[in-house]
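*Asks:* So the chains spell out like this:
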Amino acid sequence: MSQRPAREKIRLLDHEFSRRIRAEVRNLDRCYQCSMCSDGCPVAYAMDYYPNQIIHMVRLGLKEKVLQSTAIWLCASCETCATRCPNEIEIVRLMDVLRRESLEEGFKNPVGNIAKFHRVFVEQIRKRGRIDEGSLLLSYELKTGDFLSFKKIREEANLALQMFRKGKLKLPSRKKYAPEAVSGIFRKVFFRV
Amino acid sequence: MRFAYYPGCTATSTSIEYDESVRETAKYLGIELEEIPEWTCCGASSGHVINQELALALPSRNLALANRMSLGIAAPCPACSLRLKTAEYELKRDPGLKTRIEEDIGMNLELSQKSKHILEVLYQDVGIDAIKQKVQKALEGLRVVTYYGCYLVRPPEITGFDDPENPTIMDKIMEALDAEVIDWSYKVDCCGGGLSIVAPEIVKKLVGRIVSAASEVGADAIVTACGICQANLDMRQPKNSGFRLMPVFYFSELSALAFGSPNVGEWLAKHFVDATGLLERLKLL
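From first to last, the protein sequence lines stand for chains V and X. Residue 1 is where the first sequence starts when you use my numbering, and the numbers rise one by one after that. Residue 194 is where the second sequence starts when you use my numbering, and the numbers rise one by one after that.
Keep in mind that the hints are not guaranteed to be accurate.
[Stated by the list, open to error] On the chain V side, residues computed to face chain X include the following (Cβ under 7 Å):
hint : residue
1    : R99
2    : S173
3    : K175
4    : Y177
[Stated by the list, open to error] FRET-style restraints, in silico, Cβ to Cβ:
hint : chain 1 : residue 1 : chain 2 : residue 2 : range
5    : X       : L304      : V       : R126      : 35 to 45 Å
6    : V       : K176      : X       : S434      : 46 to 56 Å
7    : X       : R261      : V       : E64       : 29 to 39 Å
8    : V       : E180      : X       : R437      : 30 to 40 Å
9    : V       : E123      : X       : P230      : 17 to 27 Å
10   : V       : K127      : X       : L478      : 33 to 43 Å
11   : X       : R437      : V       : G145      : 55 to 65 Å
12   : X       : R437      : V       : G167      : 53 to 63 Å
13   : V       : G167      : X       : G223      : 21 to 31 Å
14   : X       : D376      : V       : R126      : 17 to 27 Å
15   : X       : R261      : V       : K127      : 21 to 31 Å
16   : X       : E333      : V       : E105      : 34 to 44 Å
In short, the hints are calculated from the structure, not lab data. Just so we're clear, the structure is a prediction, and the values are computed from it rather than from any experiment. We put the beta carbon where it would ideally sit given N, CA and C, even for glycine.
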């Protein structure tokens, strides 16, 4: 007796979600699944779903699956997909919008500390006006304990140390650049009434 | 020839030698780079993940500061350059958005001068012939591949930089210095960029592919125009014993060298893969 392959049932078609995302990303509905985006994607090998699958899932309204995928976080924003897409779909913009939605909806980030990194990065800009890579690394480390994981410590800490020796990393600085102008921008963008 | 210079954050640490060699190259070529006073971060790789409006407002502040200087911007970092160009592009096509961003930054924006990456300044404003005339020490015998990475060329409708799949601006500049430029297929492949801190395994894999390809076509070195690309390619090459490590130059280090700069050794001392041995063998250093 031939056995049918186990098939996953598609649930949770969230049309509100689908509509919202499609409104923010130019040309999303033009996708005909040629998979040019996934073929050229340098990180597709590490993703759970390929970029063309993510597009399809968004159109189907598979909100939970999309917002918990590793794909949206592993995207390096290299723009190869969007450059080659025959339908001029803004795929990187799509990934940005999905990352934002995933954060806002409070989904657990499936790829370690990528979301925390982006948050620390932007927080550094708010506090100091510029990114000082020493301070960035330090606050990222304090938030995540990433380098203290056994696997990474030798290689990554060693690289950081060598960079420090070569003057490519400096001790964290407290200097602020245009603090009023920068906090003004953050206030307007995040707390405009 | 004057530009408002936007060094970008990596210029102050990771790619300090890029910044210094760009400034020196500019001096030899008669380009005046006037640093934008109190410039602030463009938001680069993380701003657009957190908030789209922030990702436009941060570079726009710097555009407005350049307006005050009545100069167009020149930036050495492709990521900064793309953020600046993206703000120009998006605000030009949406006047309502422009007004909103002007409110965010508390300054008016005038978008008539398109900002440029420093390679565009060399190619378009200085020109290949003028570059050739400045060469004191021809880079004869140096076989390089040029690596453009992502943000110089993509997205093409925003960067307006050369052919997005096979750019040649940096090739022509290297040839003007008498280096031999070898054709290869990895000019615009991604090195993993901003993933290097959070997902170094991915970056190592991508870098491994790129540097191996450079080696296979017989290059002595890779030439880049990006602080993040250079750091990734230079620091994360395969460690297995069979692999011949590949020096990774900034184009500006090689141009300054060809124009007679005495400071090249100091910059190369900051690289991870030794780059001085190769130049010494070729009697260029």
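*Asks:* Take the hints in turn and mark each one as holding or not.
*Replies:* Do the hints match the structure? See the list:
Restraint check, R99/V versus chain X: the minimum CB separation of about 5 Å is within 7 Å; hint holds. Among the interface hints, the one on S173/V is violated; its C-beta lies about 9 Å from the nearest C-beta in chain X, farther than the 7 Å criterion. Violation of the interface hint for K175/V is found here, the shortest Cβ-Cβ separation to chain X being roughly 10 Å, above the 7 Å cut-off. The interface hint given for Y177/V is met, as the beta carbon of that residue sits about 5 Å from the closest beta carbon of chain X, less than 7 Å.
Between L304/X and R126/V the beta carbon distance is about 26 Å. The supplied range of 35 to 45 Å is therefore violated. One distance hint, 46 to 56 Å for the beta-carbon pair K176/V and S434/X, holds here, with the actual separation near 47 Å. The hinted window of 29 to 39 Å between R261/X and E64/V is violated, with their beta carbons roughly 48 Å apart. Range check, E180/V to R437/X: Cβ separation about 52 Å, and the 30 to 40 Å hint is violated.
Checking the proposed 17 to 27 Å range against E123/V and P230/X shows it holds: the Cβ atoms sit about 25 Å from each other. Restraint check, K127/V to L478/X: a C-beta distance of roughly 42 Å satisfies the suggested window 33 to 43 Å. Separated by about 36 Å at the C-beta atoms, R437/X and G145/V break the suggested range of 55 to 65 Å. Distance hint check for R437/X and G167/V: the Cβ-Cβ separation is about 27 Å, which falls outside the suggested range of 53 to 63 Å.
A beta carbon spacing of about 29 Å between G167/V and G223/X agrees with the range 21 to 31 Å that was offered as a hint. Checking the proposed 17 to 27 Å range against D376/X and R126/V shows it is violated: the Cβ atoms sit about 45 Å from each other. For the pair R261/X and K127/V, the beta carbons lie near 25 Å from each other, so the given range of 21 to 31 Å is met. Checked against the hint of 34 to 44 Å, the C-beta distance between E333/X and E105/V comes to roughly 59 Å, which is inconsistent with it.
Taken one by one, the earlier hints fail for this structure at numbers 2, 3, 5, 7, 8, 11, 12, 14, 16, listed in ascending order.
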